[in-house]
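S.K.: These protein sequence lines are chains A and B, in that order. Reminder that position 5 of the first sequence reads as 5 in this note's numbering, one-by-one numbering, no gaps. Numbering-wise, this note's numbering comes out as the position in the second sequence, counting from 1, plus 1000.
Note that these hints are calculated values from the structure, not bench results. Cβ atoms here follow ideal geometry from the backbone N, Cα and C, with glycine treated the same way. Keep in mind that the hints are not guaranteed to be accurate.
As the list claims (entries may be wrong) - Example chain B residues on the side facing chain A (calculated, C-beta under 10 Å, incomplete):
{"hint": "1", "residue": "Glu-1006"}
{"hint": "2", "residue": "Ala-1008"}
{"hint": "3", "residue": "Ala-1019"}
{"hint": "4", "residue": "Arg-1047"}
{"hint": "5", "residue": "Asp-1050"}
{"hint": "6", "residue": "Arg-1090"}
{"hint": "7", "residue": "Pro-1093"}
{"hint": "8", "residue": "His-1140"}
{"hint": "9", "residue": "Phe-1144"}
{"hint": "10", "residue": "Gln-1156"}
{"hint": "11", "residue": "Cys-1160"}
2 protein chains.
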Amino acid sequence: MQSLQEKASEWSGVATSDAFAIDETNLFQSLGGNQPFIDLSTNFYTRVYDDEEEWFRSIFANSKKEEAIQNQYEFFIQRMGGPPLFSQRRGHPALIARHRPFPVTREAAERWLHHMQLALDTTSTIDPDSKIKMMNFFKHTAYFLVAGNEMTRQAQAVVCKHAASKPPS
Amino acid sequence: MQSLQEKASEWSGVATSDAFAIDETNLFQSLGGNQPFIDLSTNFYTRVYDDEEEWFRSIFANSKKEEAIQNQYEFFIQRMGGPPLFSQRRGHPALIARHRPFPVTREAAERWLHHMQLALDTTSTIDPDSKIKMMNFFKHTAYFLVAGNEMTRQAQAVVCKHAASKPPS
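Extracted from the complex, chain A is given alone in its bound form:
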């Protein structure tokens, strides 16, 4: 059985070593602190909350845009070498579990990545080489979450089937 990591690499087309090239340098330091990450997440969610594709926009309908922005940039800052802002406020990233309420399908991953590429393109506080590294990380992570989403739903179906086959207590 393929691992989450293997599925992420195959589906995204990004090798693990490229996905985690973000760790070769400290991006938080080289980009100069919080602001580039705040810029990126603001650009990203401004696009997402205004998406013409209703099916994608509706995934975020129960979250406030400001909170979505903060959750994202705090995670990025923590993951890319900065202070652990996300964990101090919300605990471990627990990426698969926190995405559990959302339909993280391949189509949703592709739409997410489409907006993220355009958000990166318009973030002038991030240099071109860092953009490539970050986009590889995002692609791999998006499909890691698609794989995680499939894993939890399959496990759930098995549990439901098992529960349904038991006599009522």
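Fit chain B to the supplied structure of chain A, relying on the hints for placement.
M.R.: Coordinates of chain B only, in the frame set by chain A:
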């Protein structure tokens, strides 16, 4: 509704700021690299796989001891300031999702912490101050996973109930 983080703090008795005091310094550097983490995880799983409590030992019965040790120390090294060994091999930690197959109850968390405290006590390559920081992180994380376990099982019960109430397709 209490967040995962709030539950973790209340149930473990460890404030978030104490749990993430591991980030105030780079423990990987101050402890001098991989070896203290390898020592700790080896001591820990040697105890676990030999636990007199069969209910707890059986949780780990489907995993090889050597793999359990490596998974753990690679995560600890990555989380405590060292190279991202875990992600390079297995992807994001995704702590809650990866613990999903296991019954992470309060009793299991307490037994895990009992063995971890004794494993720390016998790891001479870790200084006393670092041991306190690490144990606070472990306590908080153990109950974060208990909270995550309850969250996924409750969500699952709702989905199963919903599925059972639908007419068969």
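S.K.: Against each hint, give a clear statement of whether it holds in the structure.
M.R.: Hints, verified against the model:
A cut of 10 Å between beta carbons decides the hint on B/Glu-1006: the least distance to chain A is about 9 Å, and the hint holds. Annotation: B/Ala-1008 was flagged as interfacial toward chain A, and the flag holds, the nearest CB pair being 6 Å apart, inside 10 Å. Annotation: B/Ala-1019 was flagged as interfacial toward chain A, and the flag holds, the nearest CB pair being 8 Å apart, inside 10 Å. The beta carbon of B/Arg-1047 is not positioned within 10 Å of any beta carbon in chain A (closest approach about 24 Å), and the interface hint is therefore violated.
Hint status for B/Asp-1050 relative to chain A: violated, with the closest Cβ pair at about 28 Å, above 10 Å. For B/Arg-1090, the suggested interface contact is upheld, since its CB lies about 5 Å from the closest CB of chain A, less than 10 Å. Taking 10 Å as the C-beta cut-off, the interface hint given for B/Pro-1093 holds, the closest approach to chain A being about 7 Å. Interface restraint check: B/His-1140 against chain A, minimum CB-CB distance 8 Å, threshold 10 Å, status holds.
Hint on B/Phe-1144 holds. Least Cβ distance to chain A is approximately 5 Å, under the 10 Å limit. Because the beta carbon of B/Gln-1156 sits about 5 Å from the nearest beta carbon in chain A, less than 10 Å, this interface hint is met. Because the smallest distance between the Cβ of B/Cys-1160 and any Cβ of chain A comes to about 4 Å, under 10 Å, the interface hint for this residue holds.
Consistency note: the structure conflicts with the earlier hints numbered 4 and 5.
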